[in-house]
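Q: Listed below are the residues making up each chain.
4 protein chains.
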Amino acid sequence: MKILVAAFDSFGGEKINPALEAVKLLADEIAGAEIVKLEIPTVFHKSAETLREKALEVKPDMILCVGQAGGRFAITPERVAINQDDARIPDNEDNQPIDVSIQEDGAPAYFATLPIKAMVEKIKAAGVPAAVSNSAGTFVCNHIMYQALYLAEKELDNIQAGFIHVPFIPEQVVDKPEKPAMSLEDIAKGLTAALEAMVEYHGKEDIKKIGGTTH
Amino acid sequence: MKILVAAFDSFGGEKINPALEAVKLLADEIAGAEIVKLEIPTVFHKSAETLREKALEVKPDMILCVGQAGGRFAITPERVAINQDDARIPDNEDNQPIDVSIQEDGAPAYFATLPIKAMVEKIKAAGVPAAVSNSAGTFVCNHIMYQALYLAEKELDNIQAGFIHVPFIPEQVVDKPEKPAMSLEDIAKGLTAALEAMVEYHGKEDIKKIGGTTH
Amino acid sequence: MKILVAAFDSFGGEKINPALEAVKLLADEIAGAEIVKLEIPTVFHKSAETLREKALEVKPDMILCVGQAGGRFAITPERVAINQDDARIPDNEDNQPIDVSIQEDGAPAYFATLPIKAMVEKIKAAGVPAAVSNSAGTFVCNHIMYQALYLAEKELDNIQAGFIHVPFIPEQVVDKPEKPAMSLEDIAKGLTAALEAMVEYHGKEDIKKIGGTTH
Amino acid sequence: MKILVAAFDSFGGEKINPALEAVKLLADEIAGAEIVKLEIPTVFHKSAETLREKALEVKPDMILCVGQAGGRFAITPERVAINQDDARIPDNEDNQPIDVSIQEDGAPAYFATLPIKAMVEKIKAAGVPAAVSNSAGTFVCNHIMYQALYLAEKELDNIQAGFIHVPFIPEQVVDKPEKPAMSLEDIAKGLTAALEAMVEYHGKEDIKKIGGTTH
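Chains P, S, E and G are the protein sequences, given in the same order. Quick note: the first sequence, position 149, residue 149 per the working numbering, numbers continuous. Quick note: the second sequence, position 101, residue 101 per the working numbering, numbers continuous. Quick note: the third sequence, position 27, residue 27 per the working numbering, numbers continuous. Quick note: the fourth sequence, position 101, residue 101 per the working numbering, numbers continuous.
Check before you lean on any hint, since a few could be wrong.
Which copy? The list can't say, so a pair holds if one copy fits it or any two copies do.
In silico DSS-like cross-links for lysine-lysine, where the CA-CA straight-line distance does not exceed 30 angstroms [stated by the list, open to error]:
(1) K124 - K189
(2) K2 - K154
(3) K176 - K24
(4) K209 - K15
(5) K24 - K2
(6) K46 - K208
(7) K208 - K176
(8) K24 - K179
(9) K179 - K124
(10) K124 - K2
I should point out that these hints are in silico values taken from the structure, not numbers from a laboratory.
So that you can see chain P by itself, here it is in the shape it has in the complex (with noise of 0.2 angstroms):
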């Protein structure tokens, strides 16, 4: 089994992305599955072309994308991503669109296709802090999972895709007070936590259990 796993490079004034540092970090193989590693560009739209490339070339089983959520406490596989961009910052190419739809023939979301209860039951028997979030945001991490998944029914015959968001890491926070983070170490732990629930769920239904918000 093969896993293409992408991550977004640094953004919004930050030296280093700690999705990027982390995804470095992990295995060649997991759970028997061979680990592809791709960098991607903070760019909407051009974050999807490059994506797109590797996935035709890897032709992978799976996809998992991983971005930054700086203020996060936890490891959040997102739940769903929705049809539109609206940039509060400009990405790395100085695109800034407002409620914008990213395909105008998509859907107008996408859930998640990868079991992301059980990734998280996972990660925190793993010891690290987790939970499903609702919402990937408007910039280009949502942005990428929406095009993963539209990708996959596209083209790539609907294999499993969904998103992971990762706090920042101490030294990015050292002059941010009140912010959470998380070691590159737990990110890299919790993150082959998830791939290791990727595998073994895969083709399978997730876990039933609790993981939604009252809002």
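For this one, chain P is given, so just place chains S, E and G on it according to the hints.
A: Only chains S, E and G this time, still in chain P's reference frame:
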């Protein structure tokens, strides 16, 4: 013009629902529009039936549903509702669906058809904190927003519809340390401003204004 | 009985100080006590001189100083003032002392001599969130509380004195996401309840009630 | 040079105390100073007796006590300890003092005699979030800091002493949503940096650097 404004009764151990109390305080006419108020039960599907019956009877030009988001700092018009119930707590009739579609033949998500950016601007101009929210959660609030938009599409000639989440009021957080609150008067003031924006932008495009989040 | 209630003018780029605005809303008589209101400048030492002059003139039975604590969720009577100025920002006359004693011959700290636990209970009973705070910071608020207690000890026959911090009001946080606020009416209601407790417990022991923190 | 580093055992339902675990990870020699480690019980007064016995035996040049501050985002050297116990929860021997002086003949407060600003700078330079804290609470952490400084004054020839609070570690917050954590390795790295600063500034003035708060 007629606007149906629906709000939930109390749930989750709370004695009141600030959404409902604030809606009761609204004037019967706002910006020339007649405001029709409706209390709906905090129950999956039954809430939607109550809304449907009233809407078919009243034939409103727009629908605004309002619910409590304990822990939020601002009044938050919701951008999107997703086709999924995932209840962290039981509803008021002890239903607790986990990862279940709301409507088998519904879209994966519906975007609010209300001018959410204009509503946020108008609420803030009234001196009340407001922001677009990108997730209404996976409980009855997301449920009723989804159902309202589904109903509008299927039976109400695509009238505009959407949802607003409001914070706790001070009385509710007296014994909940570090939880934000907003006075009932400010919530009612904010909802009034939102309704004014709905009337002003009825049938028109929303304003183009940054209102997204990076995650 | 006469109570001198002093509040700071605005600082730190804010147009108003909710402490001062709320004090202006107080009745001139509360629980039988005459309320003498005083505006003090947000300036190290000068604030204390203003307070001292008024106190020597008015000869109050108690002193309550009130200041803004932007970011707090509740009305917080302070437990203790420490003999140290350490300004994160300049005061309104550009003084920015760092790690300097307030009074060379003063105690390292003064505990509030007001019934802070009873005040918290009374504020909460009025439906307004409240808690004891164990630090008034190291800016002018801690400074004036220290000075008020020093003054009471040295020149005012040990009359009871203390300090209350109040949150931002909604107008102040319209463009400050995730910052809690409290309406001016609720702040005034809370201060009134605190003053009632001060009158009721004047000269008596405070109630014994848990109000500490583990850190 | 010899430094006595004391840390509390676990309390409040937690299985471990990250303070103690991190202290165990410290090297036996840091910046040329011998590090003498001591576990102290989370019990009012008994903790102080344990510290006193060890200090009289070891005759350290400095004392650093370390405790857990669940909910804090950073490593926080404490500025001041106050002469008051006010326990929100019982200690490990079910004592729960409310508003009681720690030492009848003690000062109202003791300021840390460690170079807290230099310690914060050094911890941050090591890539670990840190800040001065202005309150150690009113539980055993404030108690032991107060007792250590009282002891230093009364029986240890005024050697330098102080206290550092450390955050939860990730394992502790797996089921505590929205609670920050720091890895044990980063806590140990931060404590090491703090001890290096203590050695470097031993007997010297602390640096003059902004480190206060407005409240």
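Q: Each hint needs a verdict: does it hold in this structure or not?
A: Cross-check of the supplied hints:
1. K124 - K189: This pair counts as both: shortest intra-copy Cα distance 10 angstroms, inter-copy 25 angstroms.
2. K2 - K154: Classified as within; 19 angstroms inside a copy, 43 angstroms across copies.
3. K176 - K24: both (25 angstroms within a copy, 29 angstroms between copies)
4. K209 - K15: Between copies, since 26 angstroms is at most 30 angstroms while 37 angstroms is not.
5. K24 - K2: within (16 angstroms within a copy, 42 angstroms between copies)
6. K46 - K208: Close across copies (24 angstroms), not inside one copy (36 angstroms); limit 30 angstroms.
7. K208 - K176: between (38 angstroms within a copy, 21 angstroms between copies)
8. K24 - K179: For K24 and K179, both the intra-copy (24 angstroms) and inter-copy (27 angstroms) Cα distances are at most 30 angstroms.
9. K179 - K124: both (21 angstroms within a copy, 14 angstroms between copies)
10. K124 - K2: For K124 and K2, only the intra-copy Cα distance (24 angstroms) is at most 30 angstroms; the inter-copy one is 40 angstroms.
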